[in-house]
Amino acid sequence: MPTVLICDDAIFMRTMVGDILQQAGFEVVGEAETGAQAVEKYKQLKPDLVTMDIVMPDMGGIDAVREITKFDPGAKVLMCSAMGQQALVVEAIQAGAKDFVVKPFQPSRVLEAVQRVLG
Amino acid sequence: MDPQRYADLFRSESGEQLSEINRALLDLEAAPADLGPVHVLFRAVHTLKGMSATMGYAGVAAFAHELESLLDRVRGGEQGISAELMDVLFAAADVLESGIERAVNKQGDPPELSTVLEQMRHVAGGGATAEFHAVTGEYSAAAPRPVSLDEGPGVLVRVRQRADTMLPGVRAFLVVQKARTLGEVVAVSPPIEELQGAERPQAFAFRLVTTRPTAEIEAAIVAAGDIEHVEVSSGPGRHRAVRMAAAEDEAAPAPRGARHVRIELARLDTLMNLIGELVITRGRLLQLTAARSDAALDEAMTQASRLIGDLQAEVMASRMVPVWQVFDRFPRLVRDAARQLHKEIEFSVEGKEIELDRSLLDEIGEPVVHLLRNAVDHGIEAPEVRVAQGKPRTGRLLLSASRERSAVLVRVADDGRGIDRQRVLARAHELGMVGPEVTRLDAEQLFRVIASPGFSTAAAVSNLSGRGVGIDAVQARVRQLGGVVELETVPGEGTSITLRLPQTLAIVRAVLARVGGEQYALPIQHVRETLEWSTEAVQKVQGREVLVLRDEVLPLVRLREVMRTPGRGRDEKADIVVLERGDRRAGLLVDELTDQQDIVVKQFDAVRDGLALFSGATILADGRPALIVDVASLL
Numbered sequence: 051m052p053t054v055l056i057c058d059d060a061i062f063m064r065t066m067v068g069d070i071l072q073q074a075g076f077e078v079v080g081e082a083e084t085g086a087q088a089v090e091k092y093k094q095l096k097p098d099l100v101t102m103d104i105v106m107p108d109m110g111g112i113d114a115v116r117e118i119t120k121f122d123p124g125a126k127v128l129m130c131s132a133m134g135q136q137a138l139v140v141e142a143i144q145a146g147a148k149d150f151v152v153k154p155f156q157p158s159r160v161l162e163a164v165q166r167v168l169g
Numbered sequence: 010m011d012p013q014r015y016a017d018l019f020r021s022e023s024g025e026q027l028s029e030i031n032r033a034l035l036d037l038e039a040a041p042a043d044l045g046p047v048h049v050l051f052r053a054v055h056t057l058k059g060m061s062a063t064m065g066y067a068g069v070a071a072f073a074h075e076l077e078s079l080l081d082r083v084r085g086g087e088q089g090i091s092a093e094l095m096d097v098l099f100a101a102a103d104v105l106e107s108g109i110e111r112a113v114n115k116q117g118d119p120p121e122l123s124t125v126l127e128q129m130r131h132v133a134g135g136g137a138t139a140e141f142h143a144v145t146g147e148y149s150a151a152a153p154r155p156v157s158l159d160e161g162p163g164v165l166v167r168v169r170q171r172a173d174t175m176l177p178g179v180r181a182f183l184v185v186q187k188a189r190t191l192g193e194v195v196a197v198s199p200p201i202e203e204l205q206g207a208e209r210p211q212a213f214a215f216r217l218v219t220t221r222p223t224a225e226i227e228a229a230i231v232a233a234g235d236i237e238h239v240e241v242s243s244g245p246g247r248h249r250a251v252r253m254a255a256a257e258d259e260a261a262p263a264p265r266g267a268r269h270v271r272i273e274l275a276r277l278d279t280l281m282n283l284i285g286e287l288v289i290t291r292g293r294l295l296q297l298t299a300a301r302s303d304a305a306l307d308e309a310m311t312q313a314s315r316l317i318g319d320l321q322a323e324v325m326a327s328r329m330v331p332v333w334q335v336f337d338r339f340p341r342l343v344r345d346a347a348r349q350l351h352k353e354i355e356f357s358v359e360g361k362e363i364e365l366d367r368s369l370l371d372e373i374g375e376p377v378v379h380l381l382r383n384a385v386d387h388g389i390e391a392p393e394v395r396v397a398q399g400k401p402r403t404g405r406l407l408l409s410a411s412r413e414r415s416a417v418l419v420r421v422a423d424d425g426r427g428i429d430r431q432r433v434l435a436r437a438h439e440l441g442m443v444g445p446e447v448t449r450l451d452a453e454q455l456f457r458v459i460a461s462p463g464f465s466t467a468a469a470v471s472n473l474s475g476r477g478v479g480i481d482a483v484q485a486r487v488r489q490l491g492g493v494v495e496l497e498t499v500p501g502e503g504t505s506i507t508l509r510l511p512q513t514l515a516i517v518r519a520v521l522a523r524v525g526g527e528q529y530a531l532p533i534q535h536v537r538e539t540l541e542w543s544t545e546a547v548q549k550v551q552g553r554e555v556l557v558l559r560d561e562v563l564p565l566v567r568l569r570e571v572m573r574t575p576g577r578g579r580d581e582k583a584d585i586v587v588l589e590r591g592d593r594r595a596g597l598l599v600d601e602l603t604d605q606q607d608i609v610v611k612q613f614d615a616v617r618d619g620l621a622l623f624s625g626a627t628i629l630a631d632g633r634p635a636l637i638v639d640v641a642s643l644l
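First to last, the protein sequences are chains A and B.
My numbering numbers the first residue of the first sequence as 51 and each following residue consecutively.
My numbering numbers the first residue of the second sequence as 10 and each following residue consecutively.
Read the hints as simulated data drawn from the structure, not as lab findings.
Careful: at least some of the hints might be erroneous.
Claimed, not checked - A few chain A residues that face chain B, going by a derived Cβ cut-off under 7 Å, partial list only:
1) 136
2) 140
3) 152
4) 153
5) 168
Said to hold, decoys possible - Derived SDA-like pairs (lysine to any residue); straight-line CA-CA distance at most 20 Å:
6) 91/A - 132/A
7) 187/B - 123/A
8) 153/A - 165/A
9) 126/A - 232/B
10) 153/A - 171/B
11) 91/A - 53/A
12) 120/A - 190/B
13) 611/B - 533/B
14) 126/A - 229/B
15) 153/A - 533/B
16) 187/B - 169/A
17) 153/A - 72/A
Using N, Cα and C, we set each Cβ at its ideal position, and we do this for glycine too.
Just chain A, with the same shape it has in the complex (with noise of 0.2 Å):
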């Protein structure tokens, strides 16, 4: 079963996203409500996938993105991005960030992105 790490400073969010993913099979081995807790997080669980907010209090998710990546290049980060912040995932694509999915969720163009990710 595929592991995901899910970083979101809101439980709504991560609570959702959680669902959907552990419908498709998805075992949510964490959860992170901060840029560096996803960081540190990410380091010690390995998780397959990860998905991540942009703004996050305490490091943002583009930070992450870029921090997880110097450590580990072949990490599949999938940003969690709200209208209008188109600026903001192409920098995280840029950071190293493999795709994205536009909130308000739905769940089929989520799982869309997902398999685009890990395949």
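Let chain A serve as the given structure and place chain B on it in line with the hints.
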């Protein structure tokens, strides 16, 4: 490439540049110390040069290049701004315009091109004769977008995104990123910075130098997500298509972050006609559903009705364009006319941003030109005459657009001599238009006389107003568009002519009135109120029927008599519509007011020949035809 296919696009785009050039020239002439317009000129001419060169219009491109060189000297202060220079620049702008028109029509360079070229060189004292050879290369290098998709190493990849792509700009960026893992991306169109900022799904293309097979490239691109279509090719035919797709994007600049597409006007017209039919059908459906009292049906109908209304509003809105698109060419026209007639005129335009239906705007261009020419020719006096009369030497001419409720007013006002009532009266007597007992024409009569076909007091047929449309044609045209013409004139002080136009053609709301077995539509724009017949309302004053409305006494017109409908209506069942146009009002007595509907106006071609009572016809919701009453003719 095959430039002819894109000639129309080029023509409309270059038209915008030409307007800009003319505008800048006028600005420069008005304030030669300010070099701002020179920069605008330089940029516009440069753009035209590049566009013409791309189209293969060598003559125009070379000419533009010389003009650009001259402007460069002006910009750099090497060339002073003189009256002579201005004349040459105006002439050059004309050559550019005719040169482009002729090039598009494959008619070769305009005959005056070489003359003006000589003048340009003369005015520059031989300093503006930079050779043209580098133009094409320079354009490619200076162009904001790489145009090298056409040629070069590697394969061409064309991508179209799915319509529901989220953050399409980012997705496109991801596609390019993905391609970079396969080889080197050497050109992207539109440029990557623009691509990644796009807010709508789009088609884009790039050139990829790679050793990977086509299938693998395609698979990789598709894997980037939200791709509707991807095509990898190296044949020349494809290149052209993509290049022009890119050029088309380029031709539709995106100010304020909005993206635009160019649509053929005919398509908007078709769309408008279809919406019109749909609106009629809606009326019919509403009648049918109302007769059934089925709650579920009513609800669905209400919903559909609202959607049709929204659709109508959207289509109308998509047809609206600001009046400057037509008005912008008038300053040049007025300047030229004034110079030709040795008049001094300060021309100003107000309300440029007011919007009108595109087809209406096209239609009023000609009437407005006529009014402006008339004002320059007959309205505003020669400078000496003005001075002798104690008026400022320079005459003022104002073209303005403004909105008044649902109408748009276009006004041409001058401070010239006004209309000479005595002369018009004499001519009217001559032609038997008014009886000999009339000794003074009021404003309405005056207008009716000068607006009647064939009337002209011009002593000599001048080059300007003697030909082309007369004021009668102006009025006929405006009426056909569902508008009215109003005139105010004060001898010695000036004339103001106002075209009162509906904001859009085609669909208007109307009150339906029945007389005998016929239905007539009264555009609601002119309906002030309605009331039932009563002995208090309808009275006789000096043997004439009048409508007493609160403390007002208005003329009363019986539609039955106007239409010469046989038989008699029963007054006690009759309804009265109070019509209003400008400051004129009258009551219209009809057998019955039956409904209010959106109607689709179908214009007559023969308004001037005996159908002056009607401005058009329509098909009502129940499928029956009705004539649309021209309210102006009743007042």
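Evaluated hints:
Annotation: residue 136/A was flagged as interfacial toward chain B, and the flag holds, the nearest CB pair being 5 Å apart, inside 7 Å. Among the interface hints, the one on residue 140/A holds; its C-beta lies about 5 Å from the nearest C-beta in chain B, closer than the 7 Å criterion. Using the Cβ-Cβ criterion of 7 Å, the hint placing residue 152/A at the interface with chain B is satisfied: the shortest such distance is roughly 4 Å. Hint status for residue 153/A: violated, given a least beta-carbon distance of 10 Å to chain B, over 7 Å.
Interface hint status for residue 168/A: violated, as the beta-carbon distance to the closest one in chain B is roughly 11 Å, over 7 Å. Only pairs whose Cα atoms come within 20 Å are accepted, and residue 91/A paired with residue 132/A is rejected, the gap being roughly 24 Å. Restraint check for residue 187/B and residue 123/A: the C-alpha separation of about 16 Å stays at or below 20 Å, so the hint holds. Taking the CA atoms of residue 153/A and residue 165/A, the gap is near 18 Å; set against the 20 Å cutoff, the hint holds.
With a C-alpha separation of about 15 Å, the suggested pair residue 126/A and residue 232/B falls inside the 20 Å cut-off, and the hint holds. Under the criterion of a C-alpha separation no larger than 20 Å, the hint pairing residue 153/A with residue 171/B is consistent with the structure, at around 18 Å. Under the criterion of a C-alpha separation no larger than 20 Å, the hint pairing residue 91/A with residue 53/A is consistent with the structure, at around 13 Å. At roughly 19 Å between alpha-carbon atoms, residue 120/A and residue 190/B fall within 20 Å of each other, so this suggested pair holds.
Our distance criterion of 20 Å between C-alpha atoms is met by residue 611/B and residue 533/B, whose separation comes to about 17 Å. For the suggested pair residue 126/A and residue 229/B, the alpha carbons sit about 17 Å apart, so the restraint of at most 20 Å is met. Distance check on the hinted pair: residue 153/A and residue 533/B sit about 47 Å apart at the alpha-carbon level, beyond 20 Å; violated. Proximity of residue 187/B to residue 169/A is assessed by CA-CA distance (about 13 Å); at most 20 Å being required, the pair is judged to hold.
As the CA atoms of residue 153/A and residue 72/A are separated by approximately 18 Å, the hinted pair is consistent with the 20 Å bound.
Hints 4, 5, 6 and 15 from the earlier list are contradicted by this structure; the remaining hints agree with it.
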